[in-house]
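In case you want the letters, here they are:
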Amino acid sequence: MINAAELCYFAAAPLFILSLRWMSSPETARRAVMSAVIAMSLAIGGTLLLPEIHTYTWIAIALVAGVAAGVPLSMVPLTAVPERTGLSQSFGGLAVALVGIAKYYLWLGEGALTPFKMGVIGGEVILGCLTCTGGLLAAAKLAEMMPTRPITYRGQNIVSFLLLGTAVTLAGLLIYDPTQSWAFPIIIVIGLLFGVMLILPIGGADMPTVISFLNSYAGLSAVALGFVLENKLLIIAGALDGSSGFVLSIIMCQAMNRSVTNVLFGAFGSAKAAQALGEKKTAKSATSNDAAQLLSSASSVVIVPGYGMAVAQAQHRVRDLYELLTKKGVDVKFAVHPVAGRMPGHMNVLLAEAEIPYDRLIEMDDINPEMPQVDVCLVIGANDVVNPAARTDASSPIFGMPIIDADKAHTVLAIKRSMNPGFAGIDNELYYANNTLMLFGDAKAVIGDVVKELSGESAH
Amino acid sequence: MKLDMLTALFVFMLATFLGLDIIRRVSRLLHTPLMSLTNAISAVAVVGALILAGEAHDTLSTVLGAVAVFASTTNFVSGFLITDRMLRMFKKRETKKS
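Going down the list, the sequences are from chains A and B. With positions in the first sequence counted from 1, the corresponding number in this note's numbering is that position plus 69. With positions in the second sequence counted from 1, the corresponding number in this note's numbering is that position plus 1.
Some hints could be false.
Just so you have them, the derived chain B footprint on chain A, three or more residues with Cβ under 8 Å [unchecked claim]: (1) 117-128; (2) 148-162; (3) 285-294; (4) 356-370; (5) 427-439.
Label pairs and their calculated CB-CB ranges [claimed, not checked]: (6) B:Lys92 to A:Tyr245: 53 to 61 Å; (7) B:Lys92 to A:Asn358: 44 to 52 Å; (8) A:Arg460 to B:Met6: 44 to 52 Å; (9) A:Glu75 to B:Met6: 50 to 58 Å; (10) A:Ala352 to B:Lys93: 18 to 26 Å; (11) B:Arg25 to A:Thr126: 40 to 48 Å; (12) B:Thr8 to A:Glu439: 49 to 57 Å; (13) A:Lys397 to B:Lys92: 53 to 61 Å.
Honestly, the hints are just simulated from the structure, not real lab data. Glycine included, every Cβ here is placed at the ideal spot set by N, Cα and C.
Can you make the complete structure from the sequences, with help from the hints?
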């Protein structure tokens, strides 16, 4: 029999699919949000019409409280979007886990736990719990409330897998005999623990990948809930989220030339500190005046922004620079590496916030063939993503990682606080190259000076 | 609305293939908003929480359900709002001639 709720779900599913379809281009993207909002309203409205719902008090309180908490969470600065995402995954996992837990005890009382139902509840609770603590920990690492370096100990992977194995075995026992209810709380605790163990060994540089993986887990836990509740809409929406997380993690891994297992279990960046260079190399430094002259006489400029730019809050100065140069007839483009920023696509959002038109943001693969014709490449707070060692030095930890070929430009200007190696602790040959000039100092201050020089110059 | 295991697996499989295909076509510019959007979409788990809180079988399930409704509502409200906020910032050069 078809009821109103089913009809609402039936209408909501294609709207979710269209929503993601419209994310293919910035022109249609805002429609995507609208469509998802309508779909969500249909899903909620349809559910509230179900005959089995007879008290609305708790629902109303929870909905109002959820809106009250959600609105301020959406106002965070855009640099904090990665930790908000982690937190949101954690909440998603929590919700799914709680429903699973309640369903177990409800159905246990009714004797309704078929092996299939028990199996999907087990999967749902494990996934939900690990997403809950994993997301929370990822958010804490991203917000730098805890050390971002990998935390490792001996036999870590073995301990983690023994734990997971125990949880799966206990779930198996419950499938065989659901009344062994002592095992259920243990599964919950292990799920929560496993989420922690999953994130602890992962270093800050891998966070963009991990946050995508968590998205995938959150989606899969929603799918598991869909299996438990026999609800197709949950399965579809969860599968969409799961596949989006999966695709994004693969893209992130490829952008770093790492395998999935290496990211999850490799504890990258913990083992060796930067090797001191045997020979003493010197970098050439330049003044903001030199930089201004170079930039204004160039006909094409490519700016490579890294997260250092966002840390220094230099985006708006960069926009001023972009506008000044464009006015002088210089062709200015931005080369965005896939892992620039702390989550997939993060740098694009930060530059869009600074009102840099998105058609000026060029992907790595599209900009690299142009690099040899570029007059000046300005590197702002980026390091590993422009390190030529990734192409040339087989002994380098980042060897094979796709990079932006900044070194191929006629002149490279690099803004950096000091000569300290970057996040991954790897020395960068680019800074010692003959065609590189270093601008030492805080990115915001340095670009501010260059802008001042440029506008002063145009005055006389 | 009975859903047997095999049908459920079919739906899951088809939706996953569809998802993989659609997500690959999403512009790299928009990967961050995409992630917050899909995150909000997966908060459709609120459906399960609503039923639990509304059935009011016993105290445990009602309380767990209400907390779950709260958590997922927070998720989709903040997720949709922040996605829209980010997308509003993406402007083409032609449109901003001030």
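Checklist entry - Looking back at the hints listed earlier, which ones does the structure fail to meet? => result 4, 7, 9, 10, 13
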